[in-house]
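Student: With chain A held as given, fit chains B, C, D and E onto it using these hints.
Each chain, written out:
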Amino acid sequence: MSTNELTLTPSQSPSLVNNKLSLSPSQALGAVRRPVNTNGWRAWLFTVDHKKIGIMYGVVAFTFFIVGGVEALLIRLQLALPDGRILSADKYNQMFTMHGTTMIFLFAMPTAAAFANYFLPLQIGARDVAFPRLNALSFWLFIAGGLILNASWFLGGAADGGWFMYAPNSGPVFSPSNGVDFWILGLQIAGIASLIGSINLIVTVLNMRAPGMTLMKMPVFTWMILVVQFLLVFSLPVITVALVLLMFQRSYGATFFDVSQGADPLLWQHLFWIFGHPEVYVLILPGFGIISEVLPTFSRKPLFGYPFVVFSGASIGLVGFGVWAHHMFASGLGPVSVAVFSMATMAIAIPTGVKIFNWILTMWGGKIWYSAAMKFAIGLVVLFTIGGLSGVTHAVAPSDTQQTDTYYIVAHFHYVLFGGMVFGLFSGFYYWWPKVFGKLLNEKLGSWNFWLMVIGMNLTFGPMHILGLQGQPRRMYIWTEARAGEGFFNFGFWNLVSSIGSFVLAVGVLFFIINVIKTSRNPERAPLDPWDARTLEWLTTSPPKVHNFDRVPVVHHLDEFFHRKYEEDEANHSMKSIAIGEDLIRAEEDAADADIHLPGPSYWPLLLAIGVAVLGLGVVYGTPIMVVGALVVLFASFGWVLEPSVPEAIDFDSPSHDGHTKEIAPLG
Amino acid sequence: MDSVNNVKSSSHRIRNSIATIIGFVVLAGCATNAPQDTWQPKGDNAQIINNLQWIVFPMAGVVGVLVLGFYAYTIYKYNDRGQPIPSQSHGKPIVEIILTIIPALILTVVGVFTFRGIFELANTEDTEMVINVTGQQWWWEYDYPAQDEQGITQPIISSGQLVIPVGTKVLLRETSRDVIHSYWIPALNGKKDAVPGRINLLRLQADKPGIFAGQCTEFCGLSHANMRMEAIALSQEDFAKWVANQQKAYTAPATGSLAKEGESVFLNQCIRCHQVNGLKKADGTPALAAPDENVYSGAAPNLSHLMSRITFAGAKFDLLNKSCRSDVWDASSETIGGKYLAGVSESCLNATHLRAWLRNAPAMKPMYADPAKLASSGGKYRGMPNLGLTETDIDKLVAYLLTLK
Amino acid sequence: MITPGSKYFFGLTGLSLIAAILYMVLVNPNDLGAVALFGLATSGALIGVMALFTRDGDVYTDEEAVAANAVAGPPSFWPIVFALGAALVLTGLATVSVVFILGIAVLIGGGVEWTIHNWADGASSDREFNEFARARAISAIEYPGLAAVGLGVIAFFFSRVVLAVSKESGPIIFIAVAAVIFTIGVLIASKPFMKGAVTVVVAVFAVVALAGAGTFAALSGERHELAAAAEEDHYDASHRECGGEESKHYDHLANNTVSLRSAVTATIFVKDGKVYAEAIGMTKKVDTITIPRSNATSVMFRNLDEEQHRLVVNLGSAKVAETGVVEKVGTCSQLTGKNQEQVMTLRIPKPALAGEPYSFTVPGATGEIKLVVP
Amino acid sequence: MADIATHDIDHATDNATDHATGHGHHSSTGLSNNKLAMWLFLGSECLLFGGLISTYMLYRGRVQNGPHPSQIYDIPFTSVSSFVLLMSSLTMVLAVSSAQRKDDTKTNLWLLITALLGATFIGGQVYEFTAFYREGLGFTTSLFGSSFYSLTGFHGVHVSIGVIMLLSLMGIIKKGKITGDKAEVVELIGLYWHFVDIVWIIIFTLVYLIPS
Amino acid sequence: MTTVTETHEDAHEHGMSDAGYVKIAIILALITGLEVSTYYVDFGPLFMPSLIIMMVVKFVMVVSYFMHLKFDSKIFSFLFYVGLGLALFVYITALATFKFFIA
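Protein chains in written order, with our numbering: chain A, 1 to 668; chain B, 1 to 405; chain C, 1 to 374; chain D, 1 to 212; chain E, 1 to 103.
There's no promise every hint is true.
[What the hints assert, rightly or not] Beta-carbon label-pair distances, calculated as ranges:
1) Ala218(C) <-> Asp370(B): 28 to 38 Å
2) Ile455(A) <-> Glu149(B): 56 to 66 Å
3) Lys241(B) <-> Phe488(A): 34 to 44 Å
4) Ala363(B) <-> Gly156(A): 48 to 58 Å
5) Met48(E) <-> Thr214(A): 38 to 48 Å
Calculated directly from the structure, the hints in this document are not laboratory data. Glycine included, each C-beta is placed from N, C-alpha and C at the ideal position.
Extracted from the complex, chain A is given alone in its bound form (with noise of 0.2 Å):
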């Protein structure tokens, strides 16, 4: 499988080429010259192979997740006992505001883009996306927007305004330091890398599926990350308008939300939210597509009712389109208004209770591998259940008048997020490792970990909705004995539990880390079909060559790949095995097409990225460094424009290649 190493051939050659050319093209042309690295860090920073971004991404996500863990450690010391003293007043308000932001801006949603990046298109029989320069133009803009967000430690003292940055608090007086325009300005980058990202993933589904894959064979994670794709086009730029009111009144005196000259704050709410509810299904959606996975792969039986969780899965995403104002139950909208956001709300859990019952429907009659991939999909399951039947009691308007702002909330959100979606991608770890890095991740530390994780998943987090029924809201620095209650279960002793459970849960994913580095220095290679898989991306090496498929698969059934190696046995309808997946993918590698042409790399996307960070730092520290940013990013998109995707010739030293008739080397 390693046979092809990665070389770059031209696909045309310019009559430019010119024998009497004396001096090579790296000579001749300098900087000039595009990269065409294969190795090296070079071959990283300017890649556009899926695969390469997936994997940065996901890297990258994942410091961020640590970060944000840190973030949420300290806030639970913080709430440990009573006065605390580990953080000042306006730190513990800059820490739960960055610990929201990064959880979802900068970890869960990038961690989503990872396995997308990755797995989409070897799940629909693609050789890349459809645009791999912006693909790779989504990760640098968000390394960007993530950066400039977490500078704010350092330059004056982060957001403090809670992630949803509720105007007036947010404006120019009663957030005086530069974090709140930091926050801005990294979440309106990261949310352009989105949009980019999202249109790109959406145009590939759509016209990049192998010969035979019709929409309803797609995979369900594929179907997913396709709803998810249709939220973020939708929703970003509703918050973009939001960010650049609130950019434009914080930085240069609009009035937007001065409420002295008439100006209605609940304006910023509903902008936010429009964005924010379906920013919920964007979160959660990919953990849902990543267990539709697992679940009937290690239950060794299709997903239950294949179109009813797809079509639920389509229905949740338009219909998180008319509930955002359920966040908004207590401003003061009026009956009416609360009324009918309260029956949308309701209507939305009936699809989402139509999941976990396929998922559960998945499983009966299965023969089930309790793996640790599927341990953590069956803790979704669960968890998430929980974490849906509290957000029901949200729905019912005047409930939640008693409930939201609460810990109560907090308990909801987290066991709806840190159940539905980080369990979701740690099970999707735990499947896909020996997909990416040809090695299976330790089952006994897997173990571990998912124990770890759901103890302290449901030590930290369980106690929190009592102590929102109690009545401790949320947001606040300190907790005191005053309003504590009595008995030994009050406050105090709940607070406790859920601190000691937070370290416990860093204990679980701090296991996982151990895992990653143990199985990195382990020599031994995994099986390619480790878990006997039912989809596409199985149906090549692990880790995949650079253009995916040897020979473009042709799709007949919904897991093709299952069906490549299963049939039913007419006597008892229970399948027997007619082919190995081994054999399978060598058989690929055999038939394996003539002249593929991949796209070269590029210097464009990463120095688009740098300009857009400039501009943007430009709003904080003054126009000159705007004109800077807006020059390279006008200069990087139009050197983007007039560069073929795919390099010439004069490109490379030797336009000759070492002799591979059949242009068969992974890029030529």
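Tutor: Quick look at chains B, C, D and E alone, frame taken from chain A:
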């Protein structure tokens, strides 16, 4: 694939889940008398909400137990014991449809009750009393417009502690001077945001006299955690006494007393922001506070009857010392009116906190009263700054403040 | 290839970046020192990139033969542009800053083009290849740069012309210009014989006309109504007259659609010449509106009568700081027609004194609504 | 602002598909990647402008200080500029049509005319902003001022980017440096241009005509 | 480039003739004229509805003809109109909660 292990752990799982769910209901419902417990309604509105809670929480609990129970059984039953790979069936639409309709029906029932509850809570037709509530970083102001039915002949202005008559449908008209706050007395009703520029309505009604704790629940900046309030429900007679006391004219302290000296310290320092109705300057003209010139949000608590309240600084600190405090807070509903109306006497005063506050307020409660941070607010403070008072000044001021009953 | 020269500059960039960060963390994040260090880092990076691009300006490193065979390209006009930039900078220093900035832009643009041109000329002995190299290096700047300059020139000169002429002739000139552009387009498209020389003549004529008219207009200044409006600031609150009669500017075209209904504390009506009010949460009509002090509060005014009315709020009187004259304080809405609404947002810092209660009145209608600020 | 709009260009010409999918392999829908991306982008832009328009609608009458909308709007002038932009849509579609006929000369001619009309529209907007400012409406004067300038400014930036794309496209076509299907590139920029035009159709009615 | 719905046998791949575009432009110009006339002539109660209708007609014409949605694949229409529809839905709903539409 160590299936034995898994069987064991999954049965653990069932027990754990069930125990957790039952634990939630029991512990949350009747635990520990927390002052802000959301399951102990003490008035009509909170009762409406609680009735809904009693519908939706048990329902969620039952559904949860059923679903997770079934799931646990599935996990146990279909563990790989060497059975053949099952037939690749893609599900049965009829099952799907049934599993869609059942939750839809349950939710419809919940929805009907919810719908009714929302409109019941929004009703303001039969309001008997109106109070304007204004949030400000990090305290609440109450003003009672003149309303003859309640014996309020001239506007009353107070802060921190809301005093209402028992059994009366009180309508709060909430707004805010700066950022969004949220008014929440869990025992009396759910929360409602105080949004600057808007008037939001919240109905409170208490069945029995008592002190009901609450807290600002919309994140409102630095000292959000310290923005508290209490609602004090008094019997009709006690409320009338309270009103009479609030409308009482100012009596200056006796000449030559320590309190009199305190009055002049007050006139030198505090009057810039804090109003005491009826206080006159040395030349006999009325002393008017102009907080607008010093405080960004333009107001500071009115101190006319400070010692009729039992907390200060956004209800964060007690004006009563420990024993007097528990005497009032733990009083029965019959006796609480008299004890509350007694106010704060010299012997009961929590002098430590009051003096510390006067010495250096920002050290007691984080506030943007830091001179280094004034640029963004145009040189105006948010919250009370450190006034640099001497200990003698503080003695005098405390003596004076004790006269403001 | 990272050239030796660029390495020095990138090294400088790195060092000054570290220095800047250290400085910000250790000394002071906000003062000039950090800006200077960041400036150093940025300029180091820019020069480094430039050096990279031009391989330290050293085109002859590899083969003497290239130097020998190098064919000079067509003479460059970039030095002239560069010189023009320098001239503009000097002129700008002496006159207006706009010219200075323009000069800097021209200087940088000309400089970059000149350098790249020169570099590409020596890239190889093949002219075609050299042109290719030049294009790769520079066209990403040239296309958008020239396009932006084109857009800027047209927008600037055109707007100067419209600002200079009367308000009535503005649209006429606009439509005429557009019609000319459009017609010329149609003519050239439909009549092939108009191509070539004619097109060039037309284009040159158009550019000269636009530039000429624009320059003339810019020099002659904006029309005097605009200058006067800027001077007088008609719509400023201080010009408000709150009587019953219509004021020239403030009430001009007054009936505006209001969308503030969600946030008003009270609504004041005029019906049959009488004033009454409703407040949120109050079931009955009210004759007193209480609003907290120092709190931005919106009040809506709704005129249900045929004749125009305005809402006036009387806020006692105050001494004017400079003159010591006691003046009535208050503000008012615009004159409002039947079934129209207006909204006033008030922020009243001081409670009323007993002698001068605050009130809402409507000139020409009876009744008043008391305003209490406790 | 600029950063939001720059990726228009990127979609327009990033055409890795033909290569990435291998030879002779049509896209699954038979549609062009670039066009799909452009339409998605435009669908997304609907929500962007929708947000700005809604903000304006909510705030248009909230004037504490300075002029009200109907006091300063110059309807005859704005009518002309709306008309000019509308006609530029016609010239744009003629450019697309010429490009599909592979008539480079005419394509370039109509692109130029479109760009010129767009540039005069921007000139008109510069005039309008200047005049409004002189009459007392600044960006910070009132809610009306802030929301009006934000909305029309955003639109103006979109038009400006459009003009820059049109003019550079001319140059690129002339030099033969286009990296994809030429007609399609013209069509994509055309889609963008028409979108900017339909946004103005809405702004013209909701912002300018209705309050009068 | 191939399109699924290639219905017109015109010289173009899809769309209409140049003369057709000019006709559309003339209609658009006429509607614009009518719109502007509302500024000079009092339309009474028809003012608002007529303006909205004319706006919608112009919008749809540009989108359908100049932007080829009428001739192109339905997928394009889907992508665009989903965005437009969501925009209308969320923003009109949001404005409604501000009591924007209550006279």
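Student: Quick one: are isoleucine 455(A) and glutamate 149(B) within 56 to 66 Å, going by C-beta?
Tutor: For isoleucine 455(A) and glutamate 149(B) the Cβ distance comes to about 59 Å; the hint holds.
Student: Starting from the hint 38 to 48 Å, judge whether the C-beta atoms of methionine 48(E) and threonine 214(A) obey it.
Tutor: Taking Cβ atoms as reference, methionine 48(E) and threonine 214(A) lie about 47 Å apart, which means the hint holds.
Student: Does the beta carbon distance between lysine 241(B) and phenylalanine 488(A) stay inside 34 to 44 Å, or does it fall outside?
Tutor: holds, 39 Å
Student: Cβ-Cβ distance between alanine 363(B) and glycine 156(A): within 48 to 58 Å?
Tutor: violated, 23 Å
Student: Taking the Cβ atom of alanine 218(C) and the Cβ atom of aspartate 370(B), is their distance within the range 28 to 38 Å?
Tutor: violated, 50 Å
In this structure, the earlier hints numbered 1 and 4 are contradicted, and the remaining ones agree with it.
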